[in-house]
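Novice: Here's the letter readout for the chains.
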Amino acid sequence: MLNKRRILMLLVPFVIFIIGAVFLATPLLKGSDPSKLESALIGQPIPQFTLQDIFDQDKQYNADIFKGQKMLLNVWATWCPTCYAEHTYLNKLANQGLYIVGMNYKDNRKKAIRWLNELHNPYQISLFDESGLLGLDLGVYGAPETFLIDSHGIIRYRHVGDLNEQVWNDKLSSIYEEMQ
Amino acid sequence: MITIRHMFFYIGLLISLITLATHSAQAAIDTFEFDNVQQEQTFHELTKLLRCPKCQNQNIADSNAELAKDLRNKAYQLVKQGQSKEQIVDYMVARFGNFVRYDPPLTPATIFLWLGPLLFVIGGLLILFKQVKKNKTKQAALAPQEQQKLASLLKQHTKGIEK
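Protein chains in written order, with this note's numbering: chain H, 1 to 180; chain Y, 181 to 343.
Honestly, the hints are just simulated from the structure, not real lab data. Any given hint might turn out to be false.
Stated by the list, open to error - Listed below are several chain H residues computed to face chain Y (Cβ distance under 8 Å; list not exhaustive):
1. Gly31
2. Glu38
3. Leu116
4. Asp137
5. Gly139
6. Gly142
To be verified - No more than 25 Å apart at the CA atoms, straight line, and that leaves these computed lysine to any residue pairs for SDA-like:
7. Y:Lys234 <-> H:Asn108
8. Y:Lys314 <-> H:Leu10
9. Y:Lys314 <-> H:Asp137
10. H:Lys110 <-> H:Trp79
11. Y:Lys228 <-> H:Asp137
The C-beta atom is built at its ideal place from N, Cα and C for all residues, glycine as well.
Please put together the full structure from these sequences, using the hints given.
Specialist: Below, the structure is given as structure tokens:
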């Protein structure tokens, strides 16, 4: 009886160790990246804004453009090498019929227009956020970032970093399909 | 072979590296002008409290990242508008999440951080009390054989002293 209790007592640190090991090893083995933060805006509407069209300074947009259908909002810049890497895949998604809004973030207008002309333009609408105002309201902390937005203009998911076929198939496509 | 001359070289190198590092840290200090001392103090507290989301383990006062600069400017604007420290922290948390705070609030996800140490202290005290209690009962309850042995040992001992 006493022996049994003693063994149980000795098992306690071992059990604590196992729990700790599982707790620490899970994110490590899953390959989760601590630099990728979950957005604070999940489940919230796109913040209000007024931004110019990248091609046409006289054309202005506000948050209403995100209503009516589900879509992707891609934050990009010409100074961002990963944006260059994912651009081909964005074109592919656009060709599949996805509605993608582009937000050029803290960039140079001329360079951005040249980029879109040379690399093909996957965006239905291109916003020009030179000062990063909408970027700040969206909690953007780097480029590229891709937001999934439903037809009511509610943010459902944010992906930080390269958007490629694997990321799309593994995670984003199922969220996109489930969105209304 | 490491000679004294080598040593001086490395010490010199170290000193110049340290000077360089402090120099670049100073470059992150921008010039902001405030209406009063209180605003300035609020701003400095904020830049120490707010964590740069891009650079993971730096506050926005220490970081040279473009984003940290933006957040400093935004914090400055809001301070100038007369917003309180709490309002500005809430503003940042609404956009970047609790990650942006260097003192996390009490939420279900952080409850272990706050109560964990307390649990360890209580657990330690419990074990300590149990141990002390156990020792006390042990002392009181000696087996009859042990009582005899103790008595004979004491006898021998007193005899030894008498001699």
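Novice: All hints, please: hold or fail.
Specialist: Hints, verified against the model:
no. : hint                  : in the structure
1   : Gly31                 : violated, 17 Å
2   : Glu38                 : holds, 7 Å
3   : Leu116                : violated, 23 Å
4   : Asp137                : holds, 6 Å
5   : Gly139                : holds, 4 Å
6   : Gly142                : holds, 6 Å
7   : Y:Lys234 <-> H:Asn108 : holds, 21 Å
8   : Y:Lys314 <-> H:Leu10  : holds, 17 Å
9   : Y:Lys314 <-> H:Asp137 : violated, 61 Å
10  : H:Lys110 <-> H:Trp79  : holds, 13 Å
11  : Y:Lys228 <-> H:Asp137 : holds, 21 Å
The structure does not agree with the numbered hints 1, 3 and 9 stated previously, though it agrees with the rest.
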